[in-house]
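Same order as they appear, the protein sequences are chains A and B. Numbered per my numbering, the first sequence spans residues 1 to 116. Numbered per my numbering, the second sequence spans residues 1001 to 1717.
None of these hints come from the bench; they were simulated from the model. Treat the numbers as computed from the prediction; the structure is a model and nothing was measured. Certain hints may be false.
What follows is a set of in silico ranges between Cβ atoms, one per label pair, in the way DEER data are often shown [as the list claims (entries may be wrong)]:
hint: 1; chain 1: B; residue 1: E1036; chain 2: A; residue 2: E36; range: 49 to 57 Å
hint: 2; chain 1: A; residue 1: E36; chain 2: B; residue 2: E1014; range: 41 to 49 Å
hint: 3; chain 1: B; residue 1: A1227; chain 2: A; residue 2: D21; range: 46 to 54 Å
hint: 4; chain 1: B; residue 1: R1021; chain 2: A; residue 2: D53; range: 55 to 63 Å
Short derived list, chain B residues pointing at chain A, Cβ under 7 Å [to be verified]:
hint: 5; residue: D1177
hint: 6; residue: V1188
hint: 7; residue: L1207
Yeah, the Cβ is synthetic: ideal placement off N, Cα and C, and Gly gets one too.
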Amino acid sequence: MRPTGCAPEFAADPVMTDTTDVLALDGELTITRAAELREMLLAALAQGVRTFDLGAVEAFDTAGVQLLLAARHSARQDGTGFELRSAPAVVHEVLQRYGLLDLLRPAGPDQTKEPR
Amino acid sequence: MSSQDDDILASAREGFLDEARDMLRQFEQALLTMEEDPADLEAVNSAFRAAHTIKGTAGLFGYESVVSFTHEVESALEGMRSGTLAITDEAMALLLQGRDRMGELLDDVGRGVTGTDSADASRPLADALRRLRGAADAAPAAAKAGTPTAQAGAAPAAGAWHISLRLGADALRNGLDPLSFIRYLDQVGQVQGAQTVTEAVPLLAELDPEGCCLGFEIRLASDRTRAEIEGVFEFLADDCDLAVLAPDAASQDYEQLLERRSGGDSPAREALLAQWQVLAGPDKPPFIERREAARADRRSAEPERRAGPKDRRGGEDTRFLRVRSDKLDGLIDMIGELVIASSGAQLVAQREGSPAFMEAALRIAGLVEDARDRALGLRMVPIGETFARFQRVVRDVSKQLGKEVELELTGGDTELDKAMVETVADPLMHLVRNSLDHGLELPDDRIAAGKPGRGRLALNAYHEAGQIVIEVSDDGRGLNRERILAKAIERGLVQPETQLTDAEVHELILLPGFSTAEKVTDISGRGVGMDVVRRNIESLRGQMHIASTEGAGTTIQIRLPLTLAIIDGFLTTVGDTHYVVPLEAVVECIETPEACRAAGDKGSGWFDLRGEVLPYVDLRRNFRSAGSAPARQSMVIVRTDRTKVGLLVDRLLGQHQTVIKPLSRVFQHLRGIAGSTILGSGEVALVLDVTALVAGVSRHGITRTESGTPSPRTATH
């Protein structure tokens, strides 16, 4: 088991992919578009996109959280990093409530199960 | 069209009822285990799952009365599962009553009664269950505040509430975003920290975008009551699994929650613990501290439990196929006809004298026999399920009588005919109740008699020599020879001067109207017990034996044939009539003894078989067959449950596979005939019921003089 309160692992071992491709997500990141977003994210991951820009996101809910979690899970499973950029306040608020702020930190490949 | 729909609905309902009753048995089993060992979390889970399944399927069919009542039961179990409700005797008694009520509600559904009457009848018990939960909720709240009155408006409690939430897959789809509920928590207190449980989040490709697979662990500082905090999640109730631990919850409660959330999966457990630790912050609350020790002793207690029935149950669903029993009976009937046809073919082959034909017929006969065995095997069910029912009876009755009883079940895998299982359940129930009531003593008496205070009642089943043997034994006081004799003489069942062996005395208790209990109880002792039991067993062509040692216990043995439908018979003739005796009962065949020939017209009597005196029955005279006896007759020696008997017949025809057809109602009063069968030639043969035959004959003539054990009926007239 990991000791608690240790530094997030990206600091120790920042294994990042070279790709500079960034997918910008905008509008609602909610259940109303969940199915569509999933396809979009899947396609992006398949093309090697590992960085997602949330700057234009206007609404964010639990379904959105779940999509991002699953996307990160997939990315790390592939042995690549995962990064979310410029999260606006709506995203920040939700992730804070859920204790998931670490999602906003760039993450390396899957070394430990759940970084926090 | 609608009648077809009705049919479909009716059969679906049957399926529902079957499944629900299975679940109910599982439920009861789990409750009994919980009562034995309140720490057995797996039992609590199993009970909860069973109740939940019943509620779920009943909901599917729209049986509201079942759903609403089961919901109360389920909620109580939920409380026990989450550790907010203690597993007390009172609570268990209520739950067991709840189980009975659920059974009644299901019966109502079976009878098509689904009105409000049925629901109304459940109300008192439902209220009691609710009160139980209410009391448990109030208790920790009061304890937390120190004094009950200091609650409202008091300073925030020292610790924090722990809220553990797991969402159902459909929560989001149903428009219930947990986010709004968690936001609302700000209204009832201060969220100290939250963690999202992401264990169940799959890869993106496997994610159901509108489903939900998240869980949350939240620490909330609040001076509200449990009801208020739980109330926040009220709308989510159907779509989530909520556990709320009070600030003063013991580490044991956390341990239970951890166990429940991780389901015994150790990585999940570690991950959750880590999240809790993050939530708890630097000054770790008690629930983290004792973790190591608690886990250690939990592990040591665990292996047997985890290896338990859980996994097996999952497999059984796929291994079993539900078949309508009339289809099965149809198949067995067909096989029966096939057996007859096959003997017919053999007969023709013999008559034709064609070796090739004979060989073919024999081969077919072999295959048919195989098919017969398998077809009959389809109807066989293990007796274990019937045995398991007795756990409840033993629990209830021993509680009522203030006795301590341990029930021991062995041989539950022994299989017997489904129809037989059902018929034998009642007699067994009588025997078990008898043992509990009359056999086993009160703890003090037992200790005074030098026995452990806890009595032992054992049910055992096994196969032996083509029969199924079921034993009910206890280590109680045993049968009292003097008391039985005195009672039998008082009732005029035996003559005072009669000399009886112990075994004969014991069998007296099987006589109609015999009961030695000094006072009549509502458990047994109405004097209608044992003779009814015996009649039931005999109607299955079975026998009953009693072995008892005074002061040390009683064993009652029931022997039943493997199946009711087909037997290997021994075919004989008297005049033009064919008689069949079960082959396994035949001991030997001898020439007619001198004594019988000398006896002349008497239909029965005694003869000497190598120094053993045995009764015999002349079938020709007994059944008043027409014509006169041939010069040479034969004697078949047959074993009955108590003795051996000679049957005097004209000719012996040898072994014959017999499909027993029951006699029609008109002939059912005939003594000595168990049924009929059709021979390959198309002729009818009568199947003899040797026990009844001998008993009937004894009544009319054979007066016993010496050793040959009499049937107790000899003494009845």
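Hints and how they fare:
no., hint, verdict
1, E1036/B - E36/A: 49 to 57 Å, "55 Å, holds"
2, E36/A - E1014/B: 41 to 49 Å, "45 Å, holds"
3, A1227/B - D21/A: 46 to 54 Å, "52 Å, holds"
4, R1021/B - D53/A: 55 to 63 Å, "59 Å, holds"
5, D1177, "5 Å, holds"
6, V1188, "15 Å, violated"
7, L1207, "4 Å, holds"
Violated hint for the displayed structure: number 6, the only one.
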